[in-house]
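Read top to bottom, the protein sequences are chains U and V. Position one of the first sequence corresponds to residue 1 (full-length UniProt numbering), numbered consecutively onward. Position one of the second sequence corresponds to residue 1 (full-length UniProt numbering), numbered consecutively onward.
Hints were generated in silico from the structure; no laboratory data involved. Keep in mind the model is a prediction, meaning the values are calculated, not measured. Virtual Cβ for every residue (Gly too), placed ideally from N, Cα, C. Don't take each hint at face value.
What the hints assert, rightly or not - Some chain V residues flagged as far from chain U (calculated, every beta-carbon gap over 12 Å): (1) S80; (2) L141; (3) T177; (4) G306; (5) F314.
Claimed, not checked - Not everything, but these chain V residues come out facing chain U in the computed CB check (under 7 Å): (6) I194; (7) A199; (8) V201.
The chain contents come next:
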Amino acid sequence: MPGLSVENLELSFGGIRALDQLSFEVAEGSLCALVGPNGAGKSSVFNCVTGLYRPSAGRVVFDGQDLLRLPAHAVAAAGVARTFQNLALFPRLTVLENVLLGGHLNQRSGPLACALHLPRHRRAERALRAEAGEVLELLGLASLADHLAAGLPYGTLKRVELARALMSRPRLLLLDEPAAGLPHGEVADLGDLIARIRTELGLSIVLVEHHMGMVMSISDKVVVLNLGRRICQGTPDEVSRDPDVIAAYLGEAA
Amino acid sequence: MNKTTNRILWAVLLGALVLAPFFVGTVEISAFQKVIYLSVAVMSLNVLTGFNGQASIGHSAFMGIAAYFTALAVQSHGWSYWAALPASVLVAALVGAAAGVPALRIRGMNLALVTLGLAMVFPQLPVRFTEETGGTQGMILDESLGAPAFLAVSDVAWRYWVLLTLAVLAFWLVRNTRASRLGRSIIAIRDQPIAAHTAGVNVAATKISVFAVSAGMAGLAGWMFTVTNQFVSPSDFTVLVSINLLLGMAVGGSGTLLGPVIGAAFLHYVPDAVTATGIDPVLTPVLYGLVLILVVYFLPGGAAGGLAQLAKRFSTARKPSPPAGEPARPVSQLTSSTPNP
Chain U
1 MPGLSVENLE LSFGGIRALD QLSFEVAEGS LCALVGPNGA GKSSVFNCVT GLYRPSAGRV
61 VFDGQDLLRL PAHAVAAAGV ARTFQNLALF PRLTVLENVL LGGHLNQRSG PLACALHLPR
121 HRRAERALRA EAGEVLELLG LASLADHLAA GLPYGTLKRV ELARALMSRP RLLLLDEPAA
181 GLPHGEVADL GDLIARIRTE LGLSIVLVEH HMGMVMSISD KVVVLNLGRR ICQGTPDEVS
241 RDPDVIAAYL GEAA
Chain V
1 MNKTTNRILW AVLLGALVLA PFFVGTVEIS AFQKVIYLSV AVMSLNVLTG FNGQASIGHS
61 AFMGIAAYFT ALAVQSHGWS YWAALPASVL VAALVGAAAG VPALRIRGMN LALVTLGLAM
121 VFPQLPVRFT EETGGTQGMI LDESLGAPAF LAVSDVAWRY WVLLTLAVLA FWLVRNTRAS
181 RLGRSIIAIR DQPIAAHTAG VNVAATKISV FAVSAGMAGL AGWMFTVTNQ FVSPSDFTVL
241 VSINLLLGMA VGGSGTLLGP VIGAAFLHYV PDAVTATGID PVLTPVLYGL VLILVVYFLP
301 GGAAGGLAQL AKRFSTARKP SPPAGEPARP VSQLTSSTPN P
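Given only the sequences and the hints, what does the whole structure look like? Please build it.
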């Protein structure tokens, strides 16, 4: 029984087919990498799954529920969290507040409880802050909690986004190029962290990443896209030997 | 500035304001009342624009709707001011909710133009219904909001305390909301609506609710206007009032709690000060423009933002600085307004 199943997804922008009959499955609790050259449609898949793009055909089933029928804000409630390729943080909130926002759905105080500062709401807020503290600690961001997100280095902001995504206690985590812009030495650390998050929190992860070393070392399964189509899938070993992949992605065989 | 000093400062300020009627004259207290309702009006705009990022030039209309509602209810239908208070706030909020619907589709300058329409139309309404409202002449209310007899205080002081209490209550609600999940989601929508969606914030419902609450708060300011002046006229709620509120918000500091108070004091006292120096009051708008340019250039956070920075400079030696090594990115690169295909 798969955690996430993407079935025959079709998406076009004008005359350009961004996704063409795309299907793949991510087993529950596994880490699936989505790779392919720029413009292959990797981020488009994420945007379809999270309800930001509306594909013209296909289904995205997670936990027996078709995510495409949900409005964008309800996808989070279904247990899906993501990070963005080009960062989508709230620059004028602090790092802590950015992460707390990830827990938006885990603390359900109503508007009145918020405005009146009711004890019930205060307890819930304290609990949420404690949880956010732990997530910040896990990602080595604790010392920056009260710093505004604006002006922090790119690699740090990538981690803040990851923290925000984790804060929603997702069961499916979509990571869009988490290692982009990281200095070379930190890529391996990030790979370890992602693998650890997967096993410790027991969630399914879909990873879009160009660092092939990281992809090959931590993924259970690799799906290769080119021009919106799946050209190959399999274990990292299988994929790296596939002639189509070598031609489309890695260039001519070395 | 730490939490305790912050609290002490607010308590001292509040104490001084509560005791003011015992130390200053009626003229000053009347002026304070104006500053109070202007503070609430600027705060109402601040909630919508400063925190939620939705522009409005229509807040004069929301104020006017509640002010006229109160005036008509009290003068023509024999309501008490107290009965008119929740009703007028509710009416303004409902009109605000309706005005918030187009805001789901349009934003920025275009939204400002839609709300501008509201502000242009509103002053025409009392003229259209001149028989009921006195038209351009305005309408004087015979009854005033008097102090209860057992309290042996002057009516002016009583009205001042009523306004102060309601304003403090409104600011307290805004402060609580700002610090809660609701406040975070309101700011998140302003900064990065796509990420707000993805985190599970219902952006459409939140935006309309904020519009309604903001308009209701402007309505509270409108009720306060009628209580203070016992008089309403179309010229009190022209589009110029909306623009002044925007100016007050920018000068005081948008997205802050103290900003609207500073902005309101600016709006009330600066024109008087200009007249006192012997400059032709016709030139006041020019001065406003000049101040606005200076603020935008030198104090982008407004007066409140400037004060906060100053306070920080005195107390931040211990604050950690961001890790060095990588270049800091400007805010513009920090946000991707569209998801990347």
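Structure-based check of each hint:
no.: 1; hint: S80; result: 26 Å, holds
no.: 2; hint: L141; result: 31 Å, holds
no.: 3; hint: T177; result: 5 Å, violated
no.: 4; hint: G306; result: 16 Å, holds
no.: 5; hint: F314; result: 17 Å, holds
no.: 6; hint: I194; result: 6 Å, holds
no.: 7; hint: A199; result: 5 Å, holds
no.: 8; hint: V201; result: 6 Å, holds
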